[in-house]
Structure formats: structure tokens, C-alpha cells
Amino acid sequence: MAKSTSKSLVIVESPAKARTISKYLGKDYQVEASIGHIRDLPGGAKEVPEKYKKEPWAYLGVNTDNDFEPIYIVPADKKKQVNKLKEALKGADQLYLATDEDREGEAISWHLQEILKPKVPVHRLVFHEITKEAIEHAIQTPRQIDAGLVDAQETRRILDRLYGYDVSQLLWKKVGRGLSAGRVQSVAVRLIVERERERIAFHDATYWDLEAAFATVRGESFTATLTSVEGRKIPSGKDFDSTNGKLKNPDLLQMDQTAASELAERLRGADFKVTNVEVKPFTERPKAPFTTSTLQQEANRKLGFTARRAMQAAQRLYENGYITYMRTDSTTLSNEAIGAARELVKSEYGDSFLHPTVRVYAGKVKNAQEAHEAIRPAGTPFKVPQAVRGELDSDQYRLFELIWKRTVACQMADAKKQRIAVTIEGGGAVFTASGTSILFEGFLRAYVEGSDDPEAELANKERLLPAMNENDSLKVDQLDPKSHTTQPPARYSEAALTRTLEEKGIGRPSTFASIIDTIQKRDYVYKKGTALVPSWTAFSVIRLLETHFGPLVDYEFTAQMEDFLDTISRKEAERLEYLQRFYFGDGSDAKLEHVAGSPIGLKPRLESKVEEIDPRTTAKFSLGTPTEGEHREEVFVRVGKYGPFIEQGERRGSIPDGLAPDEMNMEKALELIEQSQVEDEPIGIHPETQKPIYVKVGRFGPYIQLGENDDEEKRNQSLLQGMEVADLTLEMACKLLELPRTLGVNPENNEPVQAFDGRYGPYVKCEKETRSLPAGVSPLEVTFDEAIALLKQPKTRGRRGAPKEPLRMFEKPSPITEQEVKILDGRFGPYVTDGETNASLRKGMEPKEMTFEAALDLLAERAAKGPTKKKKKKKAAKKKTAKKATKKKAAKKKTTKKKGVVKKGTVKKG
Numbered sequence: 001m002a003k004s005t006s007k008s009l010v011i012v013e014s015p016a017k018a019r020t021i022s023k024y025l026g027k028d029y030q031v032e033a034s035i036g037h038i039r040d041l042p043g044g045a046k047e048v049p050e051k052y053k054k055e056p057w058a059y060l061g062v063n064t065d066n067d068f069e070p071i072y073i074v075p076a077d078k079k080k081q082v083n084k085l086k087e088a089l090k091g092a093d094q095l096y097l098a099t100d101e102d103r104e105g106e107a108i109s110w111h112l113q114e115i116l117k118p119k120v121p122v123h124r125l126v127f128h129e130i131t132k133e134a135i136e137h138a139i140q141t142p143r144q145i146d147a148g149l150v151d152a153q154e155t156r157r158i159l160d161r162l163y164g165y166d167v168s169q170l171l172w173k174k175v176g177r178g179l180s181a182g183r184v185q186s187v188a189v190r191l192i193v194e195r196e197r198e199r200i201a202f203h204d205a206t207y208w209d210l211e212a213a214f215a216t217v218r219g220e221s222f223t224a225t226l227t228s229v230e231g232r233k234i235p236s237g238k239d240f241d242s243t244n245g246k247l248k249n250p251d252l253l254q255m256d257q258t259a260a261s262e263l264a265e266r267l268r269g270a271d272f273k274v275t276n277v278e279v280k281p282f283t284e285r286p287k288a289p290f291t292t293s294t295l296q297q298e299a300n301r302k303l304g305f306t307a308r309r310a311m312q313a314a315q316r317l318y319e320n321g322y323i324t325y326m327r328t329d330s331t332t333l334s335n336e337a338i339g340a341a342r343e344l345v346k347s348e349y350g351d352s353f354l355h356p357t358v359r360v361y362a363g364k365v366k367n368a369q370e371a372h373e374a375i376r377p378a379g380t381p382f383k384v385p386q387a388v389r390g391e392l393d394s395d396q397y398r399l400f401e402l403i404w405k406r407t408v409a410c411q412m413a414d415a416k417k418q419r420i421a422v423t424i425e426g427g428g429a430v431f432t433a434s435g436t437s438i439l440f441e442g443f444l445r446a447y448v449e450g451s452d453d454p455e456a457e458l459a460n461k462e463r464l465l466p467a468m469n470e471n472d473s474l475k476v477d478q479l480d481p482k483s484h485t486t487q488p489p490a491r492y493s494e495a496a497l498t499r500t501l502e503e504k505g506i507g508r509p510s511t512f513a514s515i516i517d518t519i520q521k522r523d524y525v526y527k528k529g530t531a532l533v534p535s536w537t538a539f540s541v542i543r544l545l546e547t548h549f550g551p552l553v554d555y556e557f558t559a560q561m562e563d564f565l566d567t568i569s570r571k572e573a574e575r576l577e578y579l580q581r582f583y584f585g586d587g588s589d590a591k592l593e594h595v596a597g598s599p600i601g602l603k604p605r606l607e608s609k610v611e612e613i614d615p616r617t618t619a620k621f622s623l624g625t626p627t628e629g630e631h632r633e634e635v636f637v638r639v640g641k642y643g644p645f646i647e648q649g650e651r652r653g654s655i656p657d658g659l660a661p662d663e664m665n666m667e668k669a670l671e672l673i674e675q676s677q678v679e680d681e682p683i684g685i686h687p688e689t690q691k692p693i694y695v696k697v698g699r700f701g702p703y704i705q706l707g708e709n710d711d712e713e714k715r716n717q718s719l720l721q722g723m724e725v726a727d728l729t730l731e732m733a734c735k736l737l738e739l740p741r742t743l744g745v746n747p748e749n750n751e752p753v754q755a756f757d758g759r760y761g762p763y764v765k766c767e768k769e770t771r772s773l774p775a776g777v778s779p780l781e782v783t784f785d786e787a788i789a790l791l792k793q794p795k796t797r798g799r800r801g802a803p804k805e806p807l808r809m810f811e812k813p814s815p816i817t818e819q820e821v822k823i824l825d826g827r828f829g830p831y832v833t834d835g836e837t838n839a840s841l842r843k844g845m846e847p848k849e850m851t852f853e854a855a856l857d858l859l860a861e862r863a864a865k866g867p868t869k870k871k872k873k874k875k876a877a878k879k880k881t882a883k884k885a886t887k888k889k890a891a892k893k894k895t896t897k898k899k900g901v902v903k904k905g906t907v908k909k910g
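In case it helps, full-length UniProt numbering puts the sequence shown at residues 1 to 910.
To be clear, the hints were calculated from the coordinates, so they are not data collected in a lab. Do not take every clue at face value.
[Unchecked claim] For lysine-lysine, the following DSS-like pairs were computed, each having C-alpha atoms within a straight-line distance of at most 27 Å: (1) K132 with K23; (2) K23 with K86; (3) K528 with K620.
Predicted model, so just to flag it, every value in this text is computed and none were measured.
Please model the entire structure based on the sequences and the hints provided.
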């Protein structure tokens with residue numbers, strides 16, 4: 001009897017995962033990829049099957065009249081892959097569905113089974129790491145598809161479609177086209193808008209204290225801060241009311257500069273002594289191993305990665321067998337992993353750094369999703385980072401090292417520290433100084449949260465004080481008044497937003513990266529450094545939702561929806577009645593009431609609100625009424641179809657890109673209106689053309705326009721660098737419009753010599769020769785002789801000649817390249833560089849205001865897009881191919897010349 005040549009077919013999601021798994025399974029298995037979902041709800045009206053197109057619910061892709069039955073289709077770009085999988089299945093004797101072990105993965109397996117309709121045995125393989133042992137164990141212990149997980153994913157998809165499509169349509173009508181709403185997306189935007197509202201309402205306060213430099217009898221120096229005077233405590237930032245800038249407790253001593261200086265003068269002659277020395281030993285425990293959320297947060301803080309960049313690197317590490325599954329809410333580790341981590345602590349750091357007992361991290365997130373372990377290095381024993389450095393790209397290596405260190409550190413000994421607080425008194429004033437010393441590094445030797453360099457961070461964490469005893473006399477070396485101004489609440493960074501969403505139980509950490517991407521793509525949010533800033537459009541959308549659809553953006557309600565989806569995954573609840581109540585609002589059930597709150601009734605509510613919602617009201621934000629000047633009408637920010645603008649009566653003003661809502665006040669609004677009024681009035685009439693000349697402000701700065709807006713022959717000319725709009729005269733505008741200026745004819749070649757103001761600065765040109773004008777020489781004033789002299793000079797390499805001084809230098813080197821981080825002035829504007837990566841500053845970013853963290857964030861985002869060298873190689877390869885093709889074509893043309901070859905640029909008829 002002939003031996004069967006059939007193979008078992010294994011299907012995973014990605015080609016990378018397929019390649020890794022195929023190495024472990026051998027020739028008896030064929031491993032293919034579905035390349036994500038192979039079936040989904042229709043993406044638009046065109047994708048809806050013909051038989052459903054006339055149904056009132058067709059646009060949703062969900063039959064709301066028949067138990068919310070989803071209408072699934074195979075997208076056009078997946079049909080080829082589905083056919084490939086069907087063909088592979090024909091020769092298989094068994095089908096193994098090895099998609100990820102979460103709800104999405106379970107749903108993909110179910111869809112594969114539904115589409116492929118296998119006639120051979122079907123097995124579901126689950127594993128949380130791609131290693132030989134894990135794959136072999138999964139093959140030996142297969143299970144069936146989990147209907148509860150599939151149902152939970154399907155319910156989530158239906159719920160998101162009902163919410164997203166219907167509410168988005170309303171936003172299109174009432175706010176602007178292209179907007180979207182989402183179950184988690186809209187709540188995330190609300191968090192960011194609420195924080196900006198707090199910043200707008202914030203009133204700062206300034207207070208003063210003293211910083212003293214004391215010396216002990218042995219001459220050892222240290223600094224201390226004033227905490228009270230004559231029994232009255234000096235306030236700190238938390239003692240002020242953020243809504244009015246006043247002290248919550250009037251008994252505190254709020255000094256101004258004069259009072260602080262007078263006190264300093266008085267205390268310089270006072271006698272000081274130590275009145276109390278308090279020593280407090282304490283320990284610090286290592287953090288739990290990474291979950292999806294904490295990995296995203298720490299990669300953002302420590303490596304400067306966006307959530308998406310972190311997840312992309314983690315995905316590649318998982319698929320290639322370096323880490324365990326990266327979508328998990330669990331902080332637990334397997335016994336094998338704990339053993340591997342403890343062995344590494346002993347071998348890498350020594351027995352004294354190993355915690356005496358096994359550390360167990362309980363306290364998983366409620367309803368942790370399916371994965372049973374935290375994120376850790378795959379396999380046992382763990383590979384050390386240096387051993388895999390040559391196999392990984394930069395992002396993957398840095399993330400792997402982060403995961404490795406965190407995993408190993410979780411089994412290390414506590415760090416032992418000591419805090420010393422010293423109280424100093426004299427002249428009725430009390431000063432305090434505190435210091436921290438590390439007695440034993442413990443886990444900090446391997447891993448310090450938020451730092452990429454444990455050695456440097458350990459040094460930063462120590463602040464040592466000289467040895468002192470009570471009643472020791474101290475000498476005042478220096479007393480300086482110090483000013484402090486309270487700060488508004490910080491905007492959310494990606495890490496902070498991720499943490500807040502998780503704390504509130506909103507959404508799933510695995511979706512946070514795509515949510516943060518979406519709210520930026522929809523222009524609800526933009527980045528200023530690392531901070532997420534809401535747009536005025538976001539303000540308008542959130543006001544509309546809060547006013548008319550409160551529960552849809554209510555934090556507790558959204559979390560309850562998440563809980564209900566979890567009950568479905570555990571087969572503790574049915575979805576139908578919940579969807580009925582959510583969409584139609586009818587029905588009543590005590591259990592559902594407890595789980596999901598009051599019914600929404602989305603559809604009838606939307607229908608009733610269409611006429612009720614006045615877009616002019618929801619899109620109008622008052623800034624108040626001016627008390628001075630000619631115009632006393634109320635001033636508003638209004639969100640229009642083409643963006644936000646300032647409105648005062650009949651007057652309007654454009655809001656420039658990058659101006660954050662908390663920076664918009666009455667003064668700024670009136671300035672923008674006045675600026676727009678100037679644009680509407682010509683500064684004069686051109687003496688030759690008799691056309692009006694206007695001063696305009698565009699996205700690249702101010703410019704002049706010759707002619708009306710509808711004049712087909714109108715001309716624009718940018719102002720020269722250093723020119724101010726306020727100083728612009730009609731005569732100067734006419735001169736600008738003469739550019740390029742013809743200075744004369746070069747006697748050597750009879751070609752004209754001209755002066756230009758180009759994108760890289762002013763220059764002179766004759767035929768193909770160009771020379772940049774020296775600093776201080778204007779293209780409006782350069783003479784013919786000066787131009788000829790410049791053109792005779794040898795051309796310097798590059799258009800800019802000698803390199804310019806940096807616009808900004810940061811004190812710290814790059815944690816990645818260890819080179820200086822600086823901001824330079826480039827041909828397309830300022831950019832930040834770390835010696836290897838260059839990243840342009842975005843609109844609204846000021847070099848002087850940029851923080852070091854914001855600079856690293858820009859560099860990280862640019863680095864994530866990949867090196868430019870690869871593109872050059874690709875381009876070169878293309879050129880090479882093109883060259884060969886040209887030769888072939890030429891040969892063909894030669895042989896067919898007599899047969900009526902069509903010439904280039906002509907069309908052969910017939």
C-alpha cells in the first residue's frame with residue numbers, strides 16, 4: 001500500500017508567524033497565513049451584497065430586524081488568499097487553526113472554519129509563545145473553537161458598528177464631513193478635551209520661598225528649603241485653588257519678591273542649628289512583569305516609542321519566537337519562566353541579588369483576556385539580549401532588552417534605601433533638607449522604571465547629606481529668594497492616556513495603539529512634543545455628545561459595556577437583549593440593568609435629535625466680551641466646515657495651526673481678528689498695473705498678493721526673512737513684486753544676471769550658475785557688480801556654505817546614539833538630530849520651548865519609519881532594472897522599424 005502524501009494544514013495570521021512555526025513542525029505540515037481577518041462586515045455601501053441593498057439597515061451591514069445578524073463578506077483584497085487556503089486544504093488530512101489566543105484570534109479561526117468548510121478533522125491550537133516546545137505541546141493538546149470568545153468578539157464588532165456608523169453620520173451632518181465616533185475612541189477624546197478645559201479654567205499663582213546653602217562645622221555644604229516663618233507654613237503648588245489662583249488656607253504665608261528678599265536679608269545674620277534628624281529605612285519592590293498596557297507605557301517613557309511603534313516591534317518579536325504573546329492583561333509567570341528568571345539573577349548578578357522566595361504577582365486586571373502569562377522572553381532558559389543582538393533590528397532589540405530586564409528584575413531582591421530628613425531653625429524660620437541613600441541596589445541593579453541606564457539612574461536617585469546631629473550649629477553661606485509659579489494640569493501623553501483608560505476599565509490595552517492613531521488621523525488630537533492636544537473640532541464633537549448622548553461618552557457606562565462583553569466571553573450572558581436595549585431602547589431586565597446601566601435606545605434617540613441639535617450652538621465657544629475698544633460684541637471661537645475661526649459680530653479671524661485651545665484668550669482672539677481685517681484691506685494700488693496689493697498670512701507665513709482673489713493673473717510674493725508686516729510699505733511691496741530682479745547682462749556670455757529670493761534664501765543667477773547672497777545682503781539691493789563678483793567665486797559645497805550654529809543644544813546626549821541632541825535650521829525649517837536620525841519639527845513647535853523628551857519623541861517616530869538608506873538601495877535597483885528594460889525595448893524597436901512603429905508621444909489609431 002502506497003504511503004499517503006497528505007499533509008496537515010496549519011493556518012496562522014501572519015507570514016512571519018507561519019515561517020517561524022514551520023521550522024518547528026517539519027515536512028508533514030504545511031503552514032499558511034490568513035493575513036489577518038479573511039471575513040468582516042461590509043466596509044461601505046458598495047460591498048453590501050446585492051440582495052440586502054434595499055434593506056433600511058443595509059448601510060450597517062447588520063440586520064437589526066433579525067436578531068442583529070451580521071452580514072459577513074470576504075473583502076476583495078482577501079479573495080486571492082482565501083482561494084489559496086482552499087486549494088491547500090484539498091490535499092490536507094487535518095486542519096489546525098493556530099491563530100492568536102485572544103478573542104480576535106478565536107474569531108479568525110471561526111471565520112476560517114466557516115469559509116473553508118473543511119471535510120477533515122479540525123483542531124484549535126493555542127500557545128502563548130512560538131518555541132519548539134510550545135508548538136509541540138499545542139499539537140499534542142488541541143481543543144475546539146471557544147464559542148464564548150467568538151460570541152464576545154462578534155458582539156463587540158456589532159456594537160462598534162452600530163455606535164460608529166450611526167453616530168458618525170450625525171457628526172457629518174452637524175459638525176463636519178469625515179468625522180467619526182467610536183465606543184472607546186470618543187471617550188478617549190473626551191478625556192483629552194476635559195484636561196484642556198481644566199487648563200483653560202486654570203489660574204496660576206506665584207509664591208516665593210528661600211533656598212539656603214548651609215555648612216556644617218566640618219565645612220561640608222548642603223542646601224535646604226524654607227518651610228515656615230514664625231509658625232506660618234510656606235505654601236506649595238497644591239495649596240492654591242486652580243480656579244482662581246488663591247490660597248485655599250489664608251493662614252499660610254504667601255510672600256512676594258520684596259517680602260522674600262527682606263526675609264533673606266534679615267536671616268543672613270541669624271544663628272542656625274539642627275533641631276531634628278530623622279532616619280527612615282525603607283524598601284522598594286520590583287514592578288510586576290509587563291502587561292500590554294505597562295509595556296506600552298514604559299516603552300513610551302523609556303524608549304520614546306509611540307504605542308503603535310511599541311506594539312509593532314512586540315508583534316515582530318512574538319512572531320519570530322523571541323517573546324511570549326504581547327496582548328495580555330496578566331502579570332503572572334509560569335513556573336518554568338520563574339525558574340529561568342531566578343537562574344539568570346544568580347548567573348548575571350549573584351546570589352545576593354536573588355529574592356529569597358519566589359515572587360508571585362497576582363492582582364490581574366479584572367477579566368484579564370485569555371492569555372495566561374505576562375509578556376516575557378520566550379522559551380527556557382531565556383536568551384540574553386547580547387546573544388540575539390545581531391538577529392534583531394534596533395527597535396526589536398531595545399524592546400526585547402526592556403522585557404528581559406523587567407522579567408529578570410521581578411525575581412530580584414528588594415532595593416534597600418534610607419531617607420534622612422533634617423530640620424534647621426534660626427531667626428524664627430524653619431528650613432528642611434532631605435537626602436536618600438541606597439544601602440543595597442537589589443533589583444535596581446538590573447532595572448529602573450523610566451530610565452534606560454540603571455547605573456546613571458542609581459546615581460540620580462541618591463542625594464546624600466553630610467552627617468549631622470541635633471543641636472549642631474550651622475553656618476549660612478548663601479540665602480536666595482526663589483520664585484515658584486503653579487502649573488496647569490499636564491496634558492496627557494500617550495503613556496498617561498493609556499494608563500488612564502486602563503484604570504477606568506475602558507477598552508482593551510491591545511486596542512489603545514490604534515485608538516491613539518485614529519484620534520490623530522481624524523484631527524481630533526495633535527501632538528505638541530509628547531503631549532496630546534485637542535482641536536476645536538474635538539471640543540465641538542464632545543460637547544454635542546455630552547449634551548445629547550451623555551451615556552455614550554460616560555466613563556462608567558463605557559466600562560460597564562466592557563464588563564458585559566466579558567460576561568459573554570465567559571458564557572454568563574446572552575447578547576441579544578443587550579443589543580436590543582442599546583439600539584432600540586426597549587425591554588427591561590434586572591440583570592442587564594445591573595450590568596449595563598439604563599438602556600440607551602441609540603436609534604430613536606438619534607432620530608429625535610436630528611432636528612433638535614443646532615450645530616451653531618454646539619460649535620460656538622464664548623471667550624467673553626471686550627471691555628475696551630471700538631468693538632464691544634461678544635467674541636466666539638466657532639467651528640466651521642473648513643475649520644475653526646474667531647467671530648465677533650460681522651468680523652472674522654483665522655486661527656493658525658498649532659495654536660492650542662488653552663492659548664486662546666480675548667487678547668489673542670482680537671489680535672487675530674485685527675490681523676484678518678488688515679488682510680481684507682489693500683495697502684495700496686500698484687502704480688503700473690493699477691491692481692490692489694494685499695498683505696496675507698498663509699501657512700508658511702506672511703506674503704503680499706497683487707490682484708484680487710478671483711484674479712486669474714494675481715501674483716504672490718513672500719516677505720524676505722526678517723521683514724515684519726507692521727513695517728511693510730507700498731514702496732517696499734512694489735519692490736518685492738519686482739523679484740526676480742534683472743541686474744544687467746553678463747559681458748562674458750551675454751546672459752542676464754538676476755537676483756532671486758528662493759526657498760533656501762536669496763541668491764543671484766546667471767544661466768546655470770547660482771550663488772547664495774551673503775548674510776545681510778538683500779536681493780532688493782544687491783548691485784550688478786556685487787552679483788558678478790559672487791558668480792566669479794568658486795562654488796561652495798552645498799547651497800548653504802558654512803554650517804549654521806544650532807538653534808538649540810540639549811544638555812543630555814541621546815540615550816540611543818550617545819551623541820549630542822540638537823535642533824538645526826534646515827532647508828525645510830528647523831529639525832532635531834541625534835547624529836543618526838533627523839526629524840523635522842511640526843507646525844507650531846518652537847525650538848526654544850521644546851523639551852528634551854519631546855525631541856526624543858520626534859526622533860523615535862522618525863526612526864520608526866525606517867532608514868532612508870534602504871530606499872536609496874531600492875531606487876538604485878529599480879534604475880538598474882529599468883536600464884535593462886530600455887535595452888530590450890530598443891532592440892525590439894530596431895527589428896520592427898519597418899512595420900510602422902508608433903513614435904513616442906503619438907497615438908496609433910485603429
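Hints and how they fare:
1. K132 with K23: holds, 9 Å
2. K23 with K86: holds, 23 Å
3. K528 with K620: With Cα atoms ~24 Å apart, K528 and K620 stay inside 27 Å; holds.
Figure legend: structure checked against the earlier numbered hints; every hint is met.
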